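Trainee: Here is what each chain is made of, one letter per residue.
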Amino acid sequence: MIRFLMNDREVCLDHCAPDMTVLEYLRTKAEQRGTKEGCASGDCGACTVVIAEAVGNRLQYRNVNSCITLLGSLHGKQLVTVEHLKLQGALHPVQQAMVDLHGSQCGFCTPGFIMSMFALYKSCELPSRADVEQALAGNLCRCTGYRPIIDAALSLAGKGSQDAFSAQEAVIYSRLTKMVQQSPQASMQDGLHQFLIPRNSDELLALLTQHPNAKLVAGGTDFALSITQQLQQPEVVIYTGRVVELLQIEESEESISIGAAVSYTDMQSLLHKHFVSFAEMLERLGSLQVRNQGTLGGNIANASPIGDTPPVLLALDAILHVRSPAGRESLPIREFFTGYRQTKLPPSGFIETIEIPLQPERILNVYKISKRLDDDISAVCAAFSIELQDGVVRHARLGFGGMAATPARALNAEQALKDQPFTEQGIKAAQQALAQDFSPIDDVRASGAYRLQVAQNLLLRAVLEQANPSDEALEVVQYA
Amino acid sequence: MRNLKATGSQAKQIGGATGVARKHESAAKHVAGEAVYVDDMLEPRGTLYGAVGYSSIAKGRIASMDLSAVRQSDGVVDVLLLDDIPGHTDIGAVFDGDPILTSDEIKYQGQPIFVVVADTEQQARRAVKQAVIEFIEEAPMLDVVEALTAKQFVRPSHYMAHGDAQVALENAPKRLQAEQHVGGQEHFYLEGQVALVVPAEDGGMLVYSSTQHPSEVQKLVAEVLNVPVNRITVDMRRMGGGFGGKESQAAAWACMAAALVLKTKRPVKIRLPRVDDMTMTGKRHPFYNTYDIGFDEQGLIQGADIMVAGNCGHSADLSDAIVDRAMFHADNAYYLPNVSIAGHRCMTNTVSHTAFRGFGGPQGMMIIERAMDDIARAVGKDPLDVRKLNLYGAAGRDTTPYHQKVEHNLLLELIEQLEQSSNYGARKAEIRQWNQTSRVLKRGLALTPVKFGISFTLQHLNQAGALIHIYTDGSIQVNHGGTEMGQGLHTKIIQIVAEALAIDPDEIQITATRTDKVPNTSPTAASSGTDLNGQAARNAALILKQRIAKCIAEHKECAIESVCFTEGRIYWGDQDESMSFADAALFAYEHRVSLSATGYYKTPKIWYDRDKAKGRPFFYFAYGAAVSEVIVDTLTGEYKVVGVDILHDVGRSLNPAVDRGQIEGGFIQGMGWLTTEELKWNDKGALMSNGPATYKIPAISDTPKRFNVGLFERANDEETVYHSKAVGEPPFMLAISVWSALRDAISSISDYRISPPLDTPATPERVLNAVMVTRELAKQQEGRSQS
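So the protein sequences, as listed, match chains B and Z. Residues in the first sequence are numbered consecutively from 1, following my numbering. Residues in the second sequence are numbered consecutively from 481, following my numbering.
Note that these hints are calculated values from the structure, not bench results. Check the hints yourself; a few may be wrong.
Claimed, not checked - Computed list of lysine to any residue pairs in SDA-like fashion (alpha-carbon distance at most 20 Å, straight line):
id, chain 1, residue 1, chain 2, residue 2
1, Z, LYS503, B, LEU91
2, B, LYS29, Z, VAL920
3, Z, LYS1160, B, ASP443
4, B, LYS428, Z, VAL920
5, Z, LYS1036, Z, PHE1067
6, Z, LYS1185, B, LEU154
7, Z, LYS509, B, ASP100
Claimed, not checked - If you want a taste of the chain B side facing chain Z, the calculated C-beta under 8 Å gives, among others:
id, residue
8, ARG33
9, GLY34
10, THR35
11, CYS39
12, ALA40
13, ALA46
14, HIS102
15, GLN105
16, CYS106
17, PRO111
18, LEU136
19, ARG147
20, TYR173
21, ARG199
22, ARG372
23, GLU475
Said to hold, decoys possible - The following residues of chain Z were derived to be distant from chain B, with all beta-carbon distances above 12 Å:
id, residue
24, MET545
25, LYS1030
26, GLU1198
Predicted, not measured: the structure shown is a model, and the values here were computed from it. Glycine included, every Cβ here is placed at the ideal spot set by N, Cα and C.
Taking the hints into account, I'd like the entire structure generated from these sequences.
Mentor: Given below as C-alpha cells:
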C-alpha cells in the first residue's frame, strides 16, 4: 500500500498501475481538475503541484510537474493542489497578488504559476527578481509576457510567509511521519505491474535481482516521458527516492560524494561551494520543477548525449560507485558511456554515489548553449577543467555534450592544449583538433556546423575569461 | 467626465465602467483552479474518448490499411473512417480542400485518417498505435521558393499598385534588392484543441468546443452530420488561449466527435495531446519576401517593387485573406510613392497554415522594415532617421498602395515622444562607443513603428450581435458573439454595458458564448472583438435604457429627456425623485415592458474592390512604436533583450490594465516569433519541433528588465465604442524592433557599413552565422576600398 495526503485527506492505494502519473490521477480519478495538462512532458508547468515533505523538523514545500511525477513516489508526502490554497472562500496571498496585479489572461497556465509561487512563498521570504525567475522559469505563459506575474511574485516579498499552511504545519508533519512509520513496506500493484519502494541499498539490490528488467526510477523526469509520450506500460518500477544510501551527501578534504538519488536542488549549495560554474549551469538545467526531482544518478545512468551533468563530471574525473549482485566497484566516468544510451552499468546494478575529486588548482568553466536561456536542452554543453602553471596548460579535461552519441571528452583537443600557453594563439591547435574529436549531427536544436564552431569559440571564451576575469562580462546571461 | 451625483450614504461607489483598470472577470477563478475549460467539465455518464490516427508521410497515397488490431485494443468501442461521414466531408473554412479524414490521398504529415473512441483517453491513444497503414510515398513539396518557381499555388496571386514602380526604380539615384525568409510560428495556446459533443433531440447535438468561431463550428458540424444548422448548438465559455489557432482549426475535432456521437449514440470527447496538436494543426505562415527599392541620397524612397509569398501548406484555409493582409502591411508606416506589390499563396506538403495574431500583417511588415535598415546602412544614416523620413505624411504623402488615405496619422508625434522618453539618441551614441571597446559582446538599439489596419478584410464579417436580459431584481445577463480567450473581451463588454446603463459592473453576468443566444457570429479575430461586439452590446443596452426611460416617463408623468441614469439609480422630473436600477427593472416589468433586447452593429465606411485592388479596407489604423536594446555574444550567437520601451495607441482605453496586458503579451509573443521559436520540418516533411522541449516560446527571464509600456491615449477619431481602438494584434509587430536591434548589434562589427542578412527566427545559430557573414563582407569591402 502507498499512503499520502491529498491536500488534507489521506489516500491509501493498493491497486494502481505503476505508470499512473499524479496528473492523470488528479484529473481522471480524483476529479480535481484545477490542475491542467499543457504538454504532459514536464516542459510547460501548467500541471505544477507542490509536494510537502517532512525534512528535519519541518515541512519542505517544493513544486513539481505532476505530469511526469509517478503517483507511487508520493508515498509519505503531502500533495498540495491549487484547490487547497483558498481558505474559507478567501484567496491565498499568492492568489490575491496575481488577481490584483492582472497576472492572468486566459488563465490556463495560472494554477501552475500559483503553485510555483506558493512554493517560493513558503521557501523564500524576500525573493529577488532573480529568485522569482528561478522559481517560475518552468512555467510557460503565452498571454501576459510575464511582467505582471513577476510583479505579483515580487509584491509578496517581505510580507511574511505565515499562512494557513503554517498553522497546520505541525499537524501535517506528524501525520506524514506516522504514515511512513505505519507502512514501512510500501508498494502498489495492478496485476503483474508493480511499483516498489525499497528503503535501503540491500533491499534495492534484492529487488533488482528479483526483477532484472525493472525500471529504476529516481526523479523520473525523463522516464515518465516513455509513459506520457510513448504510452509504454512498464511492468515493474523500482523507486529509489527513499533509499537512504542514495540520498547521502558527503564532503571530505579530497572529494565530495553525492548520492545517486539526491535531487539537483539538494546538491546545489554544495556544488556552489566547490564548483561555482557547475552550480550556475545547474540553475539552467531544466526548470526548478525538474531540478526538484531530477538526480545526478539518473542523468548519468540515462546516458543521454545531451544530459548536462555528464560533460562536467567528465571534465572533473568523477568516479561512479556502483553496486550489483557481483559486488561494489568504482568506475571512472570516462569509461562509463559505451555508446548511444549504452553504459557499463552491470546487470541488476545501480549507481550508489558519485564522487567528485576536489582539485582546487584546476579551473572549471562550464558553458551551456541553447536557443532559450531558461529550461532548454543544450545544443552544446561544454566543461573545461584546466590547470595552468605560469600561463601554460599542465592539465586539460574537456567534456562535451551534444557533440557525439555520448557525452564525451575531446581527447585530441586535450592533447593539443597540453604544454601550450593558454592564450588565443595557444589554443588554435586545440580548436582545430576539436574537428577531429567530433563530427556533430544536425538536428532540431542546431546544425553540426554550428555545434563545432561554438565548441571552438567556447575555448576562446575560456581564454578571454581567464585573461580578463573581472573587467568585462563575457556572457549575455550575465546581463540577464 | 461622468456626472457623479451624490446618492446618499448607502450608495456604493460605482467604479469599473470604461476607462478603469478593472480586473479580468475570471481572475479570481483562474487563480483558484475554478475556471472551467472544456476538458475540465465533468463528462456525462457514458462519455467516450477519441484519439486521431494520422499520416506519418507528407505526400502520397494510402496503399492499405489494417485496423483490426485497433478495434481489438483494450476498451475500444468504435472507429470512424471517411465513409462513416453522412454529410459533407470537406470542412474547409472558406474554400474546399480540407477533408475531415482521408482514405486515399495524403497531402501532409499529420493528416487525419481515422478516429478511435474508447472508454478512456489512454485506451484510445494506445489503440491508435496498433494501426497498420502502408503508404505509397511520393516526394513532397516542402520549399516555398520551389513552390513559387513552379507556381504551385493554393489560390491565385493578387497584385496592388500605386504610381509606376518600374520607372521610379530605374530613375532612382540608389537602388537595393534583397530577399528574406520569415519563419512561421506555433500558436502554443496552453490549452490544446478540444471538443466535447453530447447528443440532443431530433438529431441535434450540443457541442462544447474551444473555438474562436462557434458559428463556424456549428455550421460545419451540421454539414458533416447533414442536419439543418438549427439542430446544433455550440457552447464556448473560455479558451485557454487562441491566438488565431482556434479560428478555423478548432472545427475538425468537433466535427469528428459529432460524427462519432452519431455512430455510437454516446457523448464523445476529443482532446489533442500536445504532440498531436502541434503535428496536426496549422501555424503562422512562413513567408519568403523580396524587395527592389529605389531611393535618393537621403534615403527617401522613390519606388518599390515588393513580393510576398506565403507558405500556405497543403490547402487554402484562410490563406487568401492572410496573404492579402501581408500585402496591406508591406508598406507598414511608410509612404511608397511608386509601388507594386505581388502576393503569392504557395502550396507545400505541410499542415495548412492558418490565422495567427496579425494574420499575415507581421510577415508583410518584415520586408519593409528590413529595407529601412538596409537603406540606412547604404546612405550612412541612423535607421531611425530613415524611418522618420519615409513616414506617411500630409496630403500627397498619405496614399497607401491600395489607395486608402492614411487619416488621423499619429505616428510622427508618437515616435518623437517615444524617442524622448526612451532616450534613444543618447543611448545610441553610448552604445556605439561601448561597441568599439567590447570585443566579444555587442549591443544594438532600434526603434520600429507599427501601423495596423483594423477591420476584417472580408467585409461581411464586420458585423456583430448581442443579447441582454435584465431580470426583475435588476441583475443583468449579457451575451454576445465574441469569445473569451484571455484577451479580456468579456471584461470590457461588462464595462461598456455598465457605462451605457450607468450601473455597477458587478450586476452584470456574462455567460458562455452560445450559438442559440446570438446567431451567425463572426470569429473573434482581427482584433475586432471589442469594436464589433462592444458596439452591439452597447446598442442593446441603449435600447433597454430607452424602454425603461420611456416607461418611467409615461408612468411618472415626466418628459423622457428628464429621465437620467446615474450611479445605479434613475432620476426623473426635477431630479428630486429617483429609484434604484433594480426597482426600475421591476417597475418596467410590472408595466409590461420587455427587458430583453438584441443589439446589432456593422462597421461603417469600409469597402474594397479586389479586382482593382483599391478601396478602404480598414475603418481606421492603430499605431505604436517600440525601442528595443539587445546584447549579442559574437562567439556563440547568444543574445539577450535587455530593454524595451513601448508607446502604443489604444484610442481612449476601455481598460488600461487589459490593454497593457495585450501590449506586453503581444510584444513578447512577437519577440518569440522572431527569436527562439523555430519550426523545423525534416526533409520528408515531418515536423521535428513538435513539443515544448524542442519548440521554445519565451520563458520568464526572456522578459526584459527594462520594460516601459505607455498608452498613447488619444480618442479614436472614428466612431468606435467609446472612441477606443483595437489592441489584440497591433502590439505583436512592435517586436520587429528586437530583430532590428539584433541587426544593429551585428552591424557594429562592420562599423555600421554592412546591413547583416538575418532571416528569422534569429536563433543563436542564425545570429552567429550573420556575425561571420558580416565580418567576411566587411573584410571584402575593406579590401575593395584599399585596392
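Trainee: Determine for every hint whether it applies to the structure shown.
Mentor: Results for each hint:
1. A threshold of 20 Å between alpha carbons decides the hint, and for Z:LYS503 with B:LEU91 the separation of about 15 Å falls inside it, so the pair holds.
2. Restraint check: the Cα-Cα separation between B:LYS29 and Z:VAL920 comes to about 55 Å, which exceeds 20 Å; the hinted pair is violated.
3. Using a Cα cut-off of 20 Å, the hinted pair Z:LYS1160 and B:ASP443 holds, with the two alpha carbons roughly 9 Å apart.
4. Of the pairs offered as hints, the one joining B:LYS428 and Z:VAL920 holds, with about 17 Å between alpha carbons and a cut-off of 20 Å not exceeded.
5. Taken as a hint, the Z:LYS1036 and Z:PHE1067 pair is honoured in the structure, with Cα atoms around 11 Å apart against an allowance of 20 Å.
6. Between Z:LYS1185 and B:LEU154 the alpha-carbon distance is near 13 Å, which keeps this suggested pair within the 20 Å criterion.
7. Of the supplied pair hints, the one linking Z:LYS509 and B:ASP100 holds, its CA atoms being roughly 13 Å apart against a limit of 20 Å.
8. The criterion of a C-beta within 8 Å of any C-beta in chain Z is met by B:ARG33, whose closest approach is roughly 4 Å, and the hint holds.
9. The restraint placing B:GLY34 at the interface with chain Z holds, with a minimum CB-CB distance near 2 Å, inside the 8 Å limit.
10. For B:THR35, the shortest C-beta to C-beta distance to chain Z is roughly 7 Å, which falls under 8 Å, so the interface hint holds.
11. Annotation: B:CYS39 was flagged as interfacial toward chain Z, and the flag holds, the nearest CB pair being 4 Å apart, inside 8 Å.
12. The criterion of a C-beta within 8 Å of any C-beta in chain Z is met by B:ALA40, whose closest approach is roughly 6 Å, and the hint holds.
13. Because the closest C-beta pair between B:ALA46 and chain Z is about 6 Å apart, less than 8 Å, the hint holds.
14. Interface hint at B:HIS102: satisfied, since its Cβ lies 5 Å from the closest Cβ of chain Z, which is below the 8 Å cut-off.
15. Using the Cβ-Cβ criterion of 8 Å, the hint placing B:GLN105 at the interface with chain Z is satisfied: the shortest such distance is roughly 4 Å.
16. The closest approach between the C-beta of B:CYS106 and any C-beta of chain Z is roughly 3 Å, which is under the 8 Å cut-off, so the hint is satisfied.
17. Given the 8 Å rule on beta carbons, the hint for B:PRO111 holds: about 4 Å separates it from the nearest Cβ of chain Z.
18. Annotation: B:LEU136 was flagged as interfacial toward chain Z, and the flag holds, the nearest CB pair being 5 Å apart, inside 8 Å.
19. Interface hint status for B:ARG147: upheld, as the beta-carbon distance to the closest one in chain Z is roughly 5 Å, under 8 Å.
20. Taking 8 Å as the C-beta contact cut-off toward chain Z, the hint placing B:TYR173 at the interface is violated, the least distance being around 25 Å.
21. For B:ARG199, the suggested interface contact is broken, since its CB lies about 31 Å from the closest CB of chain Z, more than 8 Å.
22. With a cut of 8 Å, the hint placing B:ARG372 at the interface with chain Z holds, because the nearest CB-to-CB distance is about 4 Å.
23. Using the Cβ-Cβ criterion of 8 Å, the hint placing B:GLU475 at the interface with chain Z is satisfied: the shortest such distance is roughly 7 Å.
24. Listed as outside the interface, Z:MET545 is consistent with that label: its C-beta sits roughly 21 Å from the nearest C-beta of chain B, beyond the 12 Å cut-off.
25. The Cβ of Z:LYS1030 lies farther than 12 Å from every Cβ of chain B, with a closest approach of about 40 Å, so its non-interface assignment holds.
26. Listed as a non-interface residue, Z:GLU1198 keeps its Cβ farther than 12 Å from every Cβ of chain B; the least gap is roughly 27 Å.
Going down the numbered hints, you'll see the structure goes against 2, 20, 21, while the others check out.
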